[in-house]
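J.: Chains as they are written, first to last, in this note's numbering: chain C, 4 to 490; chain U, 48 to 362; chain Z, 2 to 677; chain D, 313 to 531.
For the record, the hints were derived by calculation from the structure and aren't laboratory data. Watch out, some of these pointers could steer you wrong.
As the list claims (entries may be wrong) - Below, a list of computed lysine to aspartate or glutamate pairs in the EDC-like style, where the Cα atoms sit at most 20 Å apart:
| # | chain 1 | residue 1 | chain 2 | residue 2 |
| --- | --- | --- | --- | --- |
| 1 | C | Lys-294 | C | Asp-358 |
| 2 | U | Lys-334 | U | Asp-217 |
| 3 | U | Lys-102 | Z | Asp-647 |
| 4 | U | Lys-98 | U | Asp-217 |
| 5 | C | Lys-294 | Z | Glu-564 |
| 6 | D | Lys-409 | D | Glu-528 |
| 7 | U | Lys-334 | U | Asp-95 |
| 8 | C | Lys-294 | D | Glu-528 |
| 9 | U | Lys-334 | U | Glu-260 |
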Amino acid sequence: MAVLIWIPVVLPLLLGAASALRRRSGWTLWLPVSAAAVLLGVGVALVAVVGSTGPLTAADGLLRVDALSAWMLAVVGAVAVVALWGGIPHRTHQGRNIGAFATLLCLFLSAMSLAVVADNVGLMWVAIELTTITTAFLVGARGGRGALEAAWKYVVLGSVGVAIAFLGIVLLSAASHGTGEPSLSWTVLVAHAASLDPALTRAGAALAVLGFATKAGLAPTHSWLPDAHSQAPSTVSGLMSGVLLSVAFYAVLRVQAIGDAALGPELMRGLLTAAGLLSLAVTAGLVITQKDFKRLLAYSSIEHMGLLALGAAAGGPFAIAALLLHMLGHGLIKSSMFVLAGRILGFAGSHHIADVRNLLRRRPDLGGPFLLGAAGLLGFPPFVTFFTEVAIIIAGFQRGLGWQMLVACALLLVVFAGVVRHVLAMTVGAEADRDAARTSSAPPDRPARFRQVPIGIALAAAAVLGFAAWPLSGPLLAAVAALGGVR
Amino acid sequence: MTPGSFAVILVHLVVAVLVTPLLIGVMRTVRARLEGRVGAGVWQPWRDLIKLLAKEPTRAPGSTPVLTLAPIVLMASSLVLCALIPLVSTVALASVPGDLFVVVSVLLVGTVSLALLGLESGTAFGGMGSSRHMVIAAMVEPTVLLSVYALSVPAGTSDLAAIVQARVADPISLLNPVSLLAIFALVVVVIAETGRLPVDNPSTHLELTMVHEAMILESGGRDLGWLELGSWLRLTALLGLVANLAVPWGVAPDAAPLSLLVGVGAVFAKLVVLGAVLAAAEVFIAKLRLFRVPELLAGSFVLAFLSVSASYLVF
Amino acid sequence: MSALLAPTLMDAGLLAQLAVGGLAVVAAVLAPPRARNLAAGGALVATGLAGAVTGVAALLGVEAGGVPVPVALPLTAPLDALVLAPDALGGLFMALAGVVVALAALFGIGYAHGAAASRTGWTAFAVFAVGLQLVPAAADAISFLLAWELMALGSTVLLLADHAARGPVRRATLWYAVMTHLSFLLLLAGFGVLVAAGGSTSFAAMRTAGVAGPAADLAFVLMVTGFATKAGLVPVHVWLPRAHPEAPSHMSAAMSAAMVKMGVYGMLLLTLRLLPAGPRWWALVLVALGAVSALYGILQASVQADLKRLLAYSTTENIGLITTAVGVGLLLRDSGQSAVADVALVAALLLAVSHAAFKSVLFLGAGSVLHATGTRDLDLLGGLAARMPWTSGAFGVGALGAAALPVTSGFVAEWVLLQGLIHVDARTDRLLAIVIPVTMGIVALTIGLGLLTFVKAYGIGFLARPRTSAAADAREAGVAMRTAMVAGAVLVVGLGLVPGPLSQALAAAVAATGVASVNGAGLAVGAAAAVLDPVALTALAAAVLVPLVAVNVVLARRHPRREVALAWGCGGERTSPRMEYNATSYSEPVVRVFRASLQARRAVDVVHPDSAPMIVEHMSFTQETADVVESRLYLPATRALARAGDLARRVQNGSIHRYIGISFAALVLVLVVVAL
Amino acid sequence: MSTQLYQQLLATTTGLLLLTAVLQVWGRTIIRAIGLLVVQGVALAGLVLTVGVRAGEPTAPLVAALVLVVKAGVLPWAMARGARRAGATRDNAALAKPAVELIGAAGLTVLAYAVSGPLVGEAADPALRAVPVGFSLILLGFWQLLIRGSAITQLVGFLMLDNGIATVSFLISGGLPLVVELGATLDVLLVVLILGALLVRMQAEQGHIDVPELRELHD
């Protein structure tokens, strides 16, 4: 069974190598997709296996898959399938260096898998830093000043943030000296939480959370995110927004588990609440007058990460289960939205909201799903995000974060207003169609039905997930238990 | 449901229909005399009515059934009003008591049918009259409800007959401030609802001041006859109500023929006196500008409101 | 738990609604365009009827076993499972929603065209209908919010349906979506407070927890504001006059007649079921909210020239009256006058039912007019009574109901409300002695202005001569639309004629005593010792009418009516229909009298020929009435928000040094916090 | 190794680290910044060796050699090469006055001592007592990132921050497991490589490597 752990780490590497070799073939871009599909498959299998036999370990305990890791693997796989499949450009639009592109995507997947299955905090840190490195090239892939600037900011801010996390890990490691068996293993740290040095744990956990929060796009260290997401190719934006942030947040959750076990929940709760509310506030402030639709989506990711942070701050099985499910729901919807945004960009030739009008009439194949996806992002039922948002807020109230949740609700309203305003401006309207002549004379570049499939699947899944009590409730509870259970 | 109450209703209707034109005649005559004219005599309204009812009405092509129905509805509502208000006797139908709110809504049915007729006429005048009429009706509404509310508080019911009976039983209450304020407010209401001076001038055809007349300007013949009679009946009913509330003696407490006879005599006397006073007063008042009417109505509303509050706070 | 899950007839009804609603979606998606209206609309009529039957059963006291909603989130203790199980009060509102949905869907079969008849349109309607009918079925906070948001989603999409045709749709949708979300978030927060204080999401457990004190106050404020937003009360009514006009008319009917009622249901749920022992000021808040809304709503309605906007503001008025009634009921319960309190609560429910009936007719009628003439502007209509007799008749009945004239449901409802008000014993309570008369005055003024409003709506729109060729060429609506309107009109009159049994059932739903049915049809208010028997009243009117009509017929035989072309205009010269009074001029006196609160802006533009400044060549007059709440409250708020947005952009000004600085500050802060 | 020698060596290496860090803030020429980085690398390697030998770690010389090669050799060399190719000799895009920069640096050093006090407590171990130096390096590295405008000097700031973390790591716990240490070093190398690649592109795109010019993406 332990081989299952190795597959998600190694297989993408192999496929990456393959795509580096077959760099111009039409099917090269399908290699990352298949890597993602394998991830999904392995993730689901691991969820089942871990559910029945308990956690698996490999490589002398360096790698370990418990219910939470298995869940995260499945999330990474599912979202990556959508983002990668949906992001495969039309044959005529494929660039020259697709080999390198596919290789980097595979490496990226491998790094994320490693981050999720590593039992060693240090190893996980290495993996997360690796994701920065792979995505840096992906962000800059399009070339041009914008991409360069975004990549520079991304790498500098990202690495500095992750370096802070490393400092935190160093301190955590030092804290474990007192236990007699210094270790960086999650399991050991959580198990020996009581005997960790409190001052060092306090500083270590706080710095680690701050560092990983940078990568997770939580305010106030979110600054790289809008630039990177808006400049990266849509596939990459979708992947980063849909899973990279979640994987980083997974690291936050693990650190939080240690901190809570060693120090009680107050410190982590305070930090995460502050980060969550700040993220919502930043989103609220910046969506109102937003002019760029990819940045709009990027800010929406910050908002959702803020919600996750609030959920983590609330804690407890209900909130944690909700935030894990939210990762999946948000990932699916957000990656489809970025894919759609990429197509809209191709169609309208501009990032600007003002340049995109009347999508629902001019391009119903883009406008319809875009509107639906926006509804999902805003938390309308039947999308799963509805349940998770409600759950997070209610859990927050239940666990004594009353006024924080009230503030969050107020900020959510502003975010809602901003997003709805812009989405409506893009999709509907009765204005005379400026480009009507052009679009009607040019042959409509309707994509094949086939290209709609991943988006359709993602949105449908996001709509159905909320009601899927049977397959999901068990694994979610198991994942919560893996984090230390009821606190 | 007794034969007595049927008899009472029948008496009410007959008295109202017979007396009303006479009352109008009296009022016109009083006014004419005071203005130094001879006047057409007290029977002239009767003569007008018979003449009008025997004449053919007209209709424009494309007009709607409202043209025909509105006069009948107005007439019917006025008759129901007369049946429900304790003019002669306080015996009421068990299932259709002269409930304050029912009475007001029946009154409003007439108001609305007049207003719709005004609009149906399809001219600027009709619409103008209708509009003014409805605004006044709307602004009168609070006063009506509050003033009778004030009167109903001591009686503990909204049944007008019961209120009148209670006032007979407790004559001291007639002179207390609650009662006086309410009655005064009610008088203003009656004036406004029936289109008397200073709210409306019933005898004007000056376009800028017309309210009631503007609405019925397009009607003629039988339609006009019904409209006139219906409007007059409203005056009778409301004046009768005010009279019986202010001076509740003489109203028959049962359906015995004798007391009914006394009741008829009493209400006739009260109506004639009140009508004459009203007509006399009208000689000395000028019509208010339309947009000062709300001030008058607001004043009456304040009186009514005070009377309600007073009924709770003072007594 | 097993008892809870035992299937009952009730559950079958609930599941049937879901199933038929799903069928409607399938029909909407699969049916060919020509058959789509019939298939999807038919299925939705069935959905509505299923809701009506289930609701009536619940109203009559049939116990619900509870239909569990499967959700992926593991609901661990102390949270409770999601369950649909309506009680009697919920049953009433479910039945109300069901009937309105059935009427609207029936109307939609004939009416829906363009985007409203598309797959998306009907699917959205189905989602809306199911959500709407299940809101009152929810037995816990989360399923309540779920149904609530389904309702919001469906209605938002439907509201968007006509976006391609008219510009204002987008703005209306934005307003609607934001206000709806405001309502949702407030409810979410309110439920959050209740769950935190009471320890459970189930309504039954919240009630037994007996939450009181500041938590209850906070929950009350949050949730009442949330429900008020949905119900369209001032000052959170602003979505209503924008959304109702722009939605397809059958949708407007469903929104106005049923959806806003869910706000009322919520308030009742909150004050009667979840937090039954609230302090006195809660009731006063409701009375104030209701009274202000009623007066403001009708004042705005009376000066509107857009028929559907007028109806929308009138909805604010009616919900205001309902809220006032609820508030008075609670106030009196608090004062120990439970008999009169019951009357007020029953009045609230009667007002809700009656409003649902007449407002659906009115909106459907307006839809029929819009369908036939292409305009909602009363100033361009006229003469429709002769051209569209069915529509005109139904709208007329609806207008009578809205004006609360006998013998309609509106009259009965307001009669009960007024009876409740005047029988309050305020002698010992100075607060009541002030509040009740003021309320009475406001209610009375509202009724008066309502009368004016609907006389205007009907008289200007349907009587006299058509003002434009669009109105002149109008044709009567098709069978489905006619049937729906007439069915609604029959309900308005039927409920007005036979209010007794309904009132009795309503009284049972709020555990009220003292309101009983008499003579089979009539209504007796025990506490007030008052009786209303509309049948007898009708009989009296008929008895009066018979001789009157007889005389009239005889006279008409003798002197038949003469048709004269010159009858219009004093029988004198031929006048143009443009010289008729129109809606704007009709409400001119109101604008003048209430200029302080209406803030009308007028412009008279006179053009003289160059040669002769004394001669008028052309003259135009425009008048705009503003929504004061909107211009004083919302515009500054949105401007402030935009300014805040501009300010926030400085955070993200593109300078990497600023970003590093922010991160650095965060690091230093965390270090300091950790070290201290 | 005698305790006195140990203390002496610790004092020398950490002192050198702190000195180079402050000097970094003071000067503005790029070549000098890179030179100081080399010195810092050497000092760090010395520190690693001292702590490792004292703790009796058999791998200590190996790790020290690795640190020396990477931090005092490869990275400065790569950066110097990058700077030569970009033709940059001086940081012209600095954002604050030298005095402000130095006062800030002093303040941050004090802050570092203040916040790391509670972490190490009243420890007798001289290594632990030197931990504040690591924190100073981290904060000064960040400071460098904040006040320097040239891409190269920003890179220097980042490396200094990294040196600081390494210092803390070695002083406080004698280093992390080898696999993590190797991974981390590899990551830093890769980051520097990427930034180098971006730097080359920056030079090609805009003709200079001043970061403040990168302000196109904003709201």
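J.: Each hint should be assessed against the structure and marked as holding or not.
T.: For each hint, the structure was consulted:
1. C/Lys-294 x C/Asp-358: The given pair, whose Cα atoms are some 10 Å apart, holds under the 20 Å limit.
2. U/Lys-334 x U/Asp-217: Answer violated: U/Lys-334 to U/Asp-217 is near 38 Å, above 20 Å.
3. U/Lys-102 x Z/Asp-647: Since the Cα atoms of U/Lys-102 and Z/Asp-647 sit roughly 76 Å apart, the hinted pair is violated (cutoff 20 Å).
4. U/Lys-98 x U/Asp-217: violated, 46 Å
5. C/Lys-294 x Z/Glu-564: violated, 66 Å
6. D/Lys-409 x D/Glu-528: violated, 25 Å
7. U/Lys-334 x U/Asp-95: violated, 25 Å
8. C/Lys-294 x D/Glu-528: This hinted pair holds, its Cα atoms lying about 14 Å apart.
9. U/Lys-334 x U/Glu-260: holds, 14 Å
Checked against the numbered hints listed earlier, the structure breaks hints 2, 3, 4, 5, 6, 7; every other hint is satisfied.
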